[in-house]
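Protein chains in written order, with the working numbering: chain A, 73 to 530; chain B, 73 to 530; chain C, 960 to 1140; chain D, 960 to 1140.
Among the clues, some could well be false.
[As the list claims (entries may be wrong)] In silico DSSO-like links for lysine-lysine, alpha-carbon gap of 30 angstroms or less:
(1) K1118/D - K129/A
(2) K75/A - K1106/D
(3) K339/B - K273/B
[To be verified] If the Cβ cut is set under 7 angstroms, some of the chain C residues that face chain B in the computed set are:
(4) V1072
(5) T1074
(6) A1104
(7) M1105
(8) G1127
(9) A1129
(10) E1131
(11) F1132
(12) N1133
[Stated by the list, open to error] What the simulated footprint calls covered on chain A by chain B, stretch by stretch (three residues with Cβ under 8 angstroms from a Cβ of chain B suffice, anywhere in the stretch; the number is not a length):
(13) 252-262
(14) 442-451
(15) 477-489
In case anyone wonders, no lab produced these hints; they're calculated from the structure.
Computed from a predicted structure; not experimentally measured.
Idealized CB from N, CA, C, for every residue including glycine.
The lines below spell out each chain.
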Amino acid sequence: MFKKILIANRGEIALRIIRACKEMSIKTVAVYSTADADSLHVHLADESVCIGRGPSKESYLNIPALISAAEITDAEAIHPGYGFLAENAHFAEVCASCQIKFIGPKPEVMRLMGDKVQAIGMAKKAGTPTTPGSDGPVKDEKQALEVAKRIKYPVIIKASAGGGGRGMRVAHTDLSLAQAFQTCRAEAEAAFGNPEVYIEKYVEDPRHIEVQIMGDEYGNVAHLGERDCTIQRSHQKLIEEAPSGVLTPKQRKAVGKYALRLAKEVKYSSAGTIEFLLNKEGEFYFMEMNTRVQVEHPVTEQIMGVDIIKEQIRVAAGEKLSIPKTEMEPRGHAIECRINAENPDDNFRPSPGTITTYHVPGGPGVRVDTHLYQGYKVPPYYDSMLAKIIVHAPNRNEAINRMIRALDELVVEGVHTTAAFLRGILASETFRSGKYSTHYVDDMRKKKEKAADKESKK
Amino acid sequence: MFKKILIANRGEIALRIIRACKEMSIKTVAVYSTADADSLHVHLADESVCIGRGPSKESYLNIPALISAAEITDAEAIHPGYGFLAENAHFAEVCASCQIKFIGPKPEVMRLMGDKVQAIGMAKKAGTPTTPGSDGPVKDEKQALEVAKRIKYPVIIKASAGGGGRGMRVAHTDLSLAQAFQTCRAEAEAAFGNPEVYIEKYVEDPRHIEVQIMGDEYGNVAHLGERDCTIQRSHQKLIEEAPSGVLTPKQRKAVGKYALRLAKEVKYSSAGTIEFLLNKEGEFYFMEMNTRVQVEHPVTEQIMGVDIIKEQIRVAAGEKLSIPKTEMEPRGHAIECRINAENPDDNFRPSPGTITTYHVPGGPGVRVDTHLYQGYKVPPYYDSMLAKIIVHAPNRNEAINRMIRALDELVVEGVHTTAAFLRGILASETFRSGKYSTHYVDDMRKKKEKAADKESKK
Amino acid sequence: MSESKKNESSKPSPKKEGNMTSKKVKVSSKLALVQDVIQLMDASDISEISFEQAGVKIHLRRGPGVPFQMAAPMMSAPVMSAPAMSAPAPAATAAAPGAAPVAAGNTQNSPMVGTFYRASSPDAKAFIEEGDKIEVGQVYCIIEAMKLMNEVKSEKAGKVTKILVQNGQAVEFNQPLIVVE
Amino acid sequence: MSESKKNESSKPSPKKEGNMTSKKVKVSSKLALVQDVIQLMDASDISEISFEQAGVKIHLRRGPGVPFQMAAPMMSAPVMSAPAMSAPAPAATAAAPGAAPVAAGNTQNSPMVGTFYRASSPDAKAFIEEGDKIEVGQVYCIIEAMKLMNEVKSEKAGKVTKILVQNGQAVEFNQPLIVVE
């Protein structure tokens, strides 16, 4: 086992990894930017190294600084967390060339699955269902129109290098397709330095279902069931749950099998997530793979009794998968709320500042993953997630009640947060019924805006 | 189901009950003494009633004030928590006569099992093993000596009305027995107003094993496995775990069966705990029954996935037991640490005061049940427990590591706490090995004191 | 940084850091705040104090005339409010629930939990009215608790300037019932 | 209390209380501030103080006199310390880890994470010694990062009064390396 691990991340995920290491008697090295000198991960780690200024490019994305920090502290491995360099194959390669173990899948698998077009190709090869589409990059408008004719409108244009909802456009007619195609290429070029796009059938009113995968370096791969991340705002996940409240046992088995096939096809090692869209007819379509641990991994941990971060570390150290390859039986239902420092009343504008009062929910079935403390200054440089509140209860109804109760106990003052907004979703009849798609939150907000507009025009 | 419940308690258990009620959509009434006006249970409840001055006798033990509070708030039921009036059969009767449902067992069962001598009689009747002894009160020295001759030394003299380690004396010879008998009677008279004592074989180096019982009002009784509470200081539990780290599957089955027999014999309803001593030869002896929810109930909840408080409320409302009567399979291992406001360096003297800094541990497998918040004033009137930290992990070793990690994250400043003392026990080789008896902590402390004495005499 | 280096560091230890926070928490309600400021003034020879902090303004001046003035709104929104949610954090309960602040020494408080009655029976005349004189030991109300009618007697003599609770209202322990001046 | 009664009550609702607390918490520390200021006044013959900091304004006057401006660091002395445990609570990291406090403006700090060397090779002479004069642009050390030797040049001219790190020592970003005066 590793003696010392450097955590190339910040915030709650850095804490999550430090906690796992402490419980495994592995020493930890925190890295931090000058803006994060007072951050909790710096205080909880055994050692810490300042790697640069506040902006991510000068610190958490600064590969030479991270490698140097690992070298001067004799860290044997680097855990990248999520975000920052977690899906950067080049970083994984640099680690390897410096004899530092990158805790994640092999760089070539990261690169393969990081490219949307190649990933879809792999899914097809593995027999995992994909949305009908261009089967590769679309080079010009003419080809785009041909594809649309074949798969029928609506279609969606996606940047090969995109992800997380960025670099996408929907077209319903030949006319809108032509325009969307050009816009999407230009945006992809600007955002990712790569104008390549592809076209797929647009799945209307889908649910977001993803499967947690775990593999070791001996070809053993298992899945830990699905998560339902259908509650999103502008493609950003807000509330995640496991298991999904809507899958039939047959669907559950099917999506697990689809994911496992693909993971085996690419000989996936470490933790990864395979995302699917579920359409109204109950069919799954492979969307993309995330080759890292995910923000919402705790809901799976709660119902499966598995520590995904520890398992990542163990398999990176060369141990065999400890998760049984037979389907695991979940216990109960888990829900996660992401509490962001954003103002829901001001279009979710980020709200950095100092946490003046802070009180976390407690009691049975409540887990809080956060780097907050009273007096903490939320810096303006990084993503706005403050805390993840995870509840676990015997069934979905009780889990919803428990989450509402937990949110009611939470006190965060000094910055705006999304807690009350999320509480509103949880308390809605629609959420409890389970009858909604990924558009639910955006549609609800649009409706409210319209109503407010009408009101103000009176 | 009840619409409104009054919680006749304070501190973490009041919060625990309020949380359960909130998740069940039951309104709550908090009662509080003038010393607890700023307490968290007052703020989290839907309504609150001040019932008297700080000292317990004037408030939390004041039956007319509690009943009045229930009446003016239209509460249908009273949950007594633990301590205070939780095992007071008279209070349960007053509740009944005022048409308020007491959430607990029937008063006659409370009274029966609250009397040590009668309880032992019931255990015998049920075929639950008891320690050889006087089989009832011992009226004079002569009888005491006869009993001792029959069951052989060492013997222990216990007050019939005692409990929790109070009113007990061990004797190893006829001479010490004669003296101990008189002292014990006098102490019992002074402490409990009842000089009655009985004699038992003294179990040397025992472990404390207890079984969680749950029954409904239709005669259904189930057990939720055992807890191991062997880590005690002066008969006060410090660290509890579930399952026990030392029982064989056969022993586990046996003790569960013994407990269930007794619970069925008395037609037990609600939550209760049957305590056993386990001797070095692996034999169990019934010790006593607690007819209420116990401080350490969360470790059972964690591994069984059952909410004991909700189940109490449900069966009190007339619902049938939701726990399967077949043996439940535990998942993983749970440990609880009681964090007390006491100074371990000053013979555990209570340390009331204001919590100036407060930060709770978080992350996977950590549950915190506490009424603390930053700025809270710990009043001098009540027991010194500040918080319960409960961890849950796949096995005992990981649970120990997780608890150490959690204690390292905890920050409580402004009062002395037992956190560091408990951390020392958890980190010891002895604790990890599982090879210790209920005397371990006291013996360790004596050794240390002796060593310190020697040192100071040099 | 190497282990040794870390230890040398002048970065403050967690313990010290905790203490910095500690100062933040202490005093209770807004009234207590004013009271505390007055105490501060009394203990010194300060003649005037202005104290302002987002939402709270206090200005105190010693000497003849108006003793102090509080710029309302004392209970107004804090600097930054967290989302609309039930927040468990602490606060001192006001001295007089259900009533405007009253100089504490002049109230007579409920000795028990129960229901407040102004008369011995629905038809009877009220024990007292605002403006009445009251003697020590004079019954001024009844508190019903557990079906028992408990007469409550005045602890001081004076004039009843205010009756703070309604007939038939539930009262908690120590709740101010009447003001006697 | 009955539901309706509760609503009448002036006891703040949980929501209100949450707000009060946030204010209370802040206000109380500010009060400690007022107290400190009064002590300062009492210990001197100052007759009037105005103090403003991050949304807090304090104005004290003792009889007629001359105004006084204060900009002292009030955020000192904590109150209680607690059990010996690892405590994660916050504090500003000092500017110079691993070294005694030094006037910040006079240090030259590491531009990167790496290993500090005083000479270009183990046999070579050190770039600088304490007491040396140094010019702008003059190389004063090498930081090795990812097997690369990076020369670090002085940003100002002056006299090297202190070399703060040892040869071969690991340094983090922004760590003070030398003092130039």
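Under 7 angstroms is the threshold here; is the Cβ of E1131/C close enough to any Cβ of chain B for the hint to stand? holds (4 angstroms)
Double-check M1105/C for me: the hint is only fine if its C-beta lies closer than 7 angstroms to a C-beta in chain B. holds (5 angstroms)
30 angstroms limit on alpha-carbon distance, applied to hinted pair K75/A and K1106/D: holds (23 angstroms)
Under the criterion of a CB-CB separation shorter than 7 angstroms, is A1104/C in contact with chain B as hinted? Result: holds, 4 angstroms to nearest chain B Cβ.
Do three or more residues from the stretch 442-451 of chain A put their C-beta atoms closer than 8 angstroms to C-beta atoms of chain B? This one holds; 3 residues, not fewer than the three required, reach chain B with a Cβ under 8 angstroms.
Holds or violated: is there a CB of chain B closer than 7 angstroms to the CB of A1129/C? holds (4 angstroms)
Measuring from the C-beta of N1133/C to each C-beta in chain B, is the shortest one below 7 angstroms? Result: holds, 6 angstroms to nearest chain B Cβ.
With a cut-off of 7 angstroms on the beta carbons, see whether T1074/C makes it to chain B. holds (6 angstroms)
Holds or violated: F1132/C as interface residue toward chain B, Cβ cutoff 7 angstroms? holds (4 angstroms)
Regarding the hint that G1127/C lies at the interface with chain B, is the smallest CB-CB distance below 7 angstroms? violated (11 angstroms)
Hint consistency between K339/B and K273/B [alpha-carbon to alpha-carbon, up to 30 angstroms]: Holds: K339/B and K273/B sit about 28 angstroms apart, inside 30 angstroms.
So is the stretch 252-262 of chain A in contact with chain B by the C-beta rule, three or more residues under 8 angstroms, or is the coverage claim wrong? violated (count 0)
Violated hints, in rising order: 1, 8 and 13; the structure is consistent with all others.
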